[in-house]
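Residue numbers (my numbering), protein chains in the order written: chain A, 1 to 130; chain B, 1001 to 1392.
Rather than coming from a laboratory, the hints here were simulated on the basis of the structure.
Fair warning: this is a prediction, and the values are worked out from it, not measured in the lab.
Using N, Cα and C, we set each Cβ at its ideal position, and we do this for glycine too.
Please note that the accuracy of each hint is not assured.
Negatives, chain B to chain A, calculated, CB over 10 Å [to be verified]: (1) 1050; (2) 1074; (3) 1081; (4) 1108; (5) 1142; (6) 1245; (7) 1256; (8) 1341.
Calculated pairs, SDA-like style, for lysine to any residue (alpha carbon to alpha carbon, straight line, at most 25 Å) [what the hints assert, rightly or not]: (9) 1146/B with 1295/B; (10) 1138/B with 106/A; (11) 3/A with 1269/B; (12) 1248/B with 23/A.
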Amino acid sequence: MTKCEVKAGFFVLRPCEAPSAMQCSICERPMCLRHSMPVEGEMLCTECGAVQGDSDTGDEEYYMDDDGAIATRWFYSYRQHYYTETGDADMLTEQGFGADEAAAFAGAADMLDMQDNMGGDDDSADLFDS
Amino acid sequence: MNLPLQSHPALYAAFDVYPSAKGAATHIQQAAQTLFDAAGGGLLYVLGNERLPRFQREGAVEILRFGRLLDNYLHRALAYSAELQAVLEDGLQDSLQIAQFRDPWSGIPLVRRATGRYRTIYEVNGLPSVELPMAYPKIGAATLGKIRALEDECLTRADRIVVPSGVIRDNLARRGVAPERVSVIPNGTELNHGHARPEDAPKRYILYFGAVQPWQGLDVLLRALQRLQDIPDLHLVICCSVKSRRAKGYQKLAEKLGVAERITWLHRLNKEELAPWVSNAYISVAPLTECARNIDQGCCPLKILESMGAGVPVIASDLPVVRELVEHRENGYLVAPERPAELARGLRVLLDYPDTVAQMGAAAQRKIAEGLQWSHANAALQQIHVELISGK
């Protein structure tokens, strides 16, 4: 049986491995009911859902957190923010970049590459391939 | 970081996921192994993902992977860079004799700490200041200027620079890099002497394989195919190195052009799965576009080398980077870039003359055998490694 490939946890990310119920419409990973959420009519894994940002669909109360309790999208958005932003402000400054400049580097192309890599078979296109 | 890293004489650093089936990973494998053979071991520092182990040890070689889930390219690049800096300061910089890197994110911490401790090689395959705007159009000129300054610092401070193409060398010369500091070492491939025909392969097919970035020109090929509708049983096989959803735009274009039924899409084949599709193709297509990445920066397309190594001639865009590898009508066929009608005309000629195609394929394979195998590239690179290590 296919297992859910979405990561559970916050500080220690671990495989969920619950039986999968469906595939994420963006990253195509198998996901269980707990790690799925409806966004704009599509079922996404909680990680892709978090990346979709604040596009409010009214569905954010729809899924459960890792302990099985009803949670909001906040948990995964905050986790995404934590892994994305924490500790990087100094590095930007050190190399002479501003936070506003970094914003230009967030985008669908980049995230798709990341998700492909997270998908695990590692042969995703690299935008910077020779 | 509490990792039990050994003392290493060599470091190879690349802001790329390794291993993978991408061209970059093939290049990394060849170059890093050559470096570690010359130095007697080393550390490979690359990008990872959630499925690859953070740390691996195989004899005298260790692999350390940066694996934070950062979805912002700049954050990821700088965090990767900061971790490399920490590894160097943790003790690696004291044992290093030589370090080779592929990008400024790896290069900045390396060249700033070298200061006579170890020698450095900048392997310039692509420049973020040229390629990033194609992926992130919102990057401002000032930001690009800063990235360019990081590249310039690496170019200035590295002991040697290695590029896979004369076009890249000329580009660097325009940026003020003295040509004598630059060694041109083209990419390589292996000779592929034929595989059993894939069971589901069409009888005669033209092949496109690789990724689908805009500079690859796949849309030009689809538009050319539309002009060949009168040829019966003509098939295009696209071995696409990305998931189907990444190629959705091209699949929709194929439907719009009415050629979808003539196309077989295969996604994310590994090397072993791809090789039979390459070696049994009638001809391979590399419709590279006339963009800054291909014209000003330069490249050395592995898809062209790998087709030639399989004895399959390539019909490709007539660009300086391609002319370094392909001689028109000798071992391949060149057409004006971004002109579907020209590409269609070239394909039509080649489809009409199978004997000529076979001769060109044999000539292409000879050209690879004579100087474009990985063994050739590695020997040239190893000479530089030995010079730098012994000169220390």
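Cross-check of the supplied hints:
1. 1050: The claim is violated: residue 1050/B sits with its nearest Cβ about 5 Å from chain A, within 10 Å.
2. 1074: Violated, because the least Cβ-Cβ distance between residue 1074/B and chain A comes to about 4 Å, which does not exceed 10 Å.
3. 1081: Its Cβ does come within 10 Å of chain A, the nearest being 7 Å, so this is violated.
4. 1108: Violated, because the least Cβ-Cβ distance between residue 1108/B and chain A comes to about 8 Å, which does not exceed 10 Å.
5. 1142: Label violated. Min Cβ-Cβ 8 Å, cutoff 10 Å.
6. 1245: violated (7 Å)
7. 1256: holds (22 Å)
8. 1341: At roughly 28 Å from the nearest Cβ of chain A, residue 1341/B sits farther out than 10 Å, so the non-interface label holds.
9. 1146/B with 1295/B: holds (22 Å)
10. 1138/B with 106/A: holds (9 Å)
11. 3/A with 1269/B: holds (23 Å)
12. 1248/B with 23/A: With Cα atoms ~17 Å apart, residue 1248/B and residue 23/A stay inside 25 Å; holds.
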